[in-house]
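Position chain B against the provided structure of chain A, taking the given hints into account.
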Amino acid sequence: MRLFVFIVLFVSSSFAGLYESGSACLSDSDNPIDRAVLSGLKANGLKPSEKCSDSVFLRRIYLDLTGTTPHLWQARDFLNDKSGDKRRKLVNKLLGSPEYADYWSMKLCDTLRVKAEFPVNLWPNGVQAYYKWVHSSVVNNKPYDKFAEDILLSSGSNFRSPPVNFYRAIQGNEPQTIASAAALTFMGIRLENWPEKTAECITPFFSRLCYKGTKEWKEQIIYNDPAAETNLTASLPFGGREVTIEAGEDPRKPFVSWLISEDNDYFAENMINRVWYWLMGSGIYTELDDRRPQSTPVNPRLMSCLKKEFVSSGWDVAHLIKFIASSQTYQQSSIPDKKPAETLKHFGCYKVRRVEAEVLSDILDKTFGGSSGNYISRIPEPFTFFPAYKTAVSIQDGSITSPFLALFGKPSRDTGFLAERNSEPSAAQSRYLLNSNYINNKISRSWKLKKLVRDNRKNRKRILSGIYLSILSRAPSESETKKALGYYRSSGLNLLNASQDIAWALTNSREFSYKH
Amino acid sequence: MSRFEFTRRDLIKAGAAGLAAPHLLNSQALASKPKAKSVIQIWMWGGPSQIDTFDPKPQAGQDYCGPLDKAIDTNVDGIRINAALPKLAKQADKYSIIRSMTHGTNAHETASYLVQTGRQPTPGIVHPCAGAVVSLFKGRGKGYEKKLPPYIVLTEPQGRFSECGFLGLDYKPFATGGDPAKDPFEVSGIIAKGISEKRQQSRRQLLGRLDTFGKAASNLDIFKLAQNARQEAYDMILGDTKNIFDLSTEKREIRQMYGMNTFGQSCLMARRLAEYGVPYITINYKGWDTHKRHFETMKQKLPELDAGLSTLFADLSDRGLLDSTIVWWGGEFGRGPKVQWQAPWNGGRSHHGKCFSVVVGGGGFQGGKVVGKSDKKAVAVEENPVRPQQLLASMYTLLGIDPSAKMPNNRGLDEIVMPLAKGEGILKEIM
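Line by line, the protein sequences are chains A and B. Quick note on numbering: our numbering labels position 295 of the first sequence as 852, and the sequence is numbered without any gaps. Quick note on numbering: our numbering labels position 420 of the second sequence as 466, and the sequence is numbered without any gaps.
Chain A with its partners taken away, still in its complex shape (with noise of 0.2 Å):
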């Protein structure tokens, strides 16, 4: 009887309350996502999962919006928080923080291939001058109808007018890789696996690009050719009307024009699923880099709901990203009611998955302090200095990695794909997790662990509360306090050894590398 009590017990508060917060969510929504997705799920004979709990809200926001986890403070603040409103207030907080602008430059570089060095070859100084570009972008929240005008129609040198290095961070001059680069970064689609003529319409439109060397070591001058004689013509893709384009005018301005026109459902389409699948962990088109002509949503009243507000915010991509995080959608829990794969492709749960290598990197630091620093570009031309402090999450240079964020999947930059970015688990990152130097150092020596001991030395749940918050973000409950109480006890090492090891085993656990 004794038993049959102790079993119950765990099972219920294995859960609830910890990752739950034991309501339903989708069904009493009148969110306009919210209602698509259930009925996208209802269709499929699936039921929504419950509403995720606060503690796992806060280091999930955290975790998509900034790359990072929040400090200790933050997240008891957070959670002694009682007001109604809390959720929404926190998205609003954290878009406007410079994390989250760091962490969206991250996101965006990686498709825009901005890295020094082979085969991308935009050198030290077109990395700095577009990466600062696009970070500034993000911070002032620049439309993205304009941040892609601004990038398709640069010109001038690669120092002084930063995204012309947009076309050169496409390796090859010719109008057809322009076109192909130009179309999956902004409507997702590979040109050599579409019909012929789609990639046939594209292309004139960069044909009178013009690339110059100057003086200085490593600009480049990027122009439309001004000694073009003839006319052009040309057609707009996917049967769009003919345009003509005389001598002296830029034959890209009608190709723009057209892009981020309501003519052209790709454009704002492929940010939505990029934007969604950053955030939802899976796309509404499940292909990221590759959509076809016969592709089809997921789900297309949730595309359609994205796509009239996205368009209507006036592009406005911090809306679209506070519109899905204030969704009940996205504050699912993570745990699926049954048929985990057909719910997660339906969006009826929050997908999980690992944390990116950067932000891994990043959350080891701040948890345990220090910096993991060793950033190296293997080519130092010129050198690149990285300061010890500075993030791995705004490291702007593709070229500049380390063994830890290789190891982590960090993508080389190479073609823009979002699937360059590994998040596959592999025994050679659990064996570096569970025992390398680094990361036993990294807590053997952890003057914020040593001192929360130090602090709270009559007082071991004190001392499990704060490991439990600063590598979780949340408290432990009553079964893990049990659990981690017996360990002083039974491991036979001293207090501040035996934290250590219950510290090691929550960085290993599931729930700190991966968000949920």
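Hints listed in this document are in silico derivations from the structure and should not be mistaken for laboratory results. Since the model is a prediction, treat every value here as computed from it, not as a measurement.
One-sided excerpt, in silico: chain A residues whose CB lies under 8 Å from chain B:
1) 969
2) 1041
3) 1063
Derived lysine to aspartate or glutamate pairs resembling EDC-like cross-links, with alpha carbons at most 16 Å apart:
4) 703(A) <-> 873(A)
5) 261(B) <-> 577(A)
6) 902(A) <-> 267(B)
7) 474(B) <-> 448(B)
8) 270(B) <-> 981(A)
9) 908(A) <-> 267(B)
10) 1040(A) <-> 257(B)
11) 895(A) <-> 267(B)
12) 332(B) <-> 225(B)
Note that beta-carbon positions come from the ideal geometry of N, C-alpha and C, so glycine has one too.
Chain B alone, transformed into the frame defined by chain A:
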């Protein structure tokens, strides 16, 4: 006229992925009977001088040889190597020297890429290096089911030009870190300082108890993968596997013959890994990029190389492992034959991709032969130019990997293992 003759156009064709049909001389017939099980690659990072090692030119004079101006006979009639390698001279029957390697590139990165992938760098795609290709075809799920990873680098990783490329992280080498000349050899993630086996065990149990979310969501596919990965990791951390890295169980004389330095002990470590069955082992031997003070560096490096590599050949042979283990010695290029005596070099050697030497032995490669010939000053190839892709295709063939096989990948790329241009063949004369 040599059968290795090629034209520039052929090379360009081969470089353009998938455009040219590869010409493979009977490699498929050879591929059906694999002779080699493992490769030990001695990567001479920075590029070793051909004149100072396996292609001595004593008659070229002081400006080409500096103080290393003597050649010695080896245990094979007619083959002479630099007198600075007396121990290797006694093992010449176990390896062949290719004195006519060439690719013409003098930049480290491009040349490393060329030698280790057999390809010119092409935009937008990074090819896997030989070790990744071997672990794709001979690693997990392909007959190698041991606990250590199929591709191991001693000790430091080689970086982005010599790794998994488009095959993805599964084929990335496991770089041990640490130093096998130190006791214990701290192998990254396997042998950690100050954490006893007992504490490992109790930590593991604790983790099992505290991984609350991992248990709550254990039916997710990603956690099933992660669980397998963790199990695989623990197989290495706990149990017998880690004893492979414990060099203290070797006889002291053997350890000393290899040399009590990082390179020597890495060679011993590589032998142990080959014995265990690891398909591809790279020793990343740094310090050969000697633009300045070249001869001072050689005075220290060459004896180290001589002891380590010669003992490796002898030891593999004594243990009956040489027949199934390819040893491949070489770097991204050779070094400028003419010594730069003037400041700021003050006796240095530049990069030289036009003509350099590579040594291969074991695993089906014959010993005691010389392939190709350089001119009087080792500046250019005089006979039988050999391209890196020919050497790689030969190695793959001996391992039973068909050079024309496709390389499956998640990027949908239609790439084959090792395309050869028309007129290029595998090195049948030493296979």
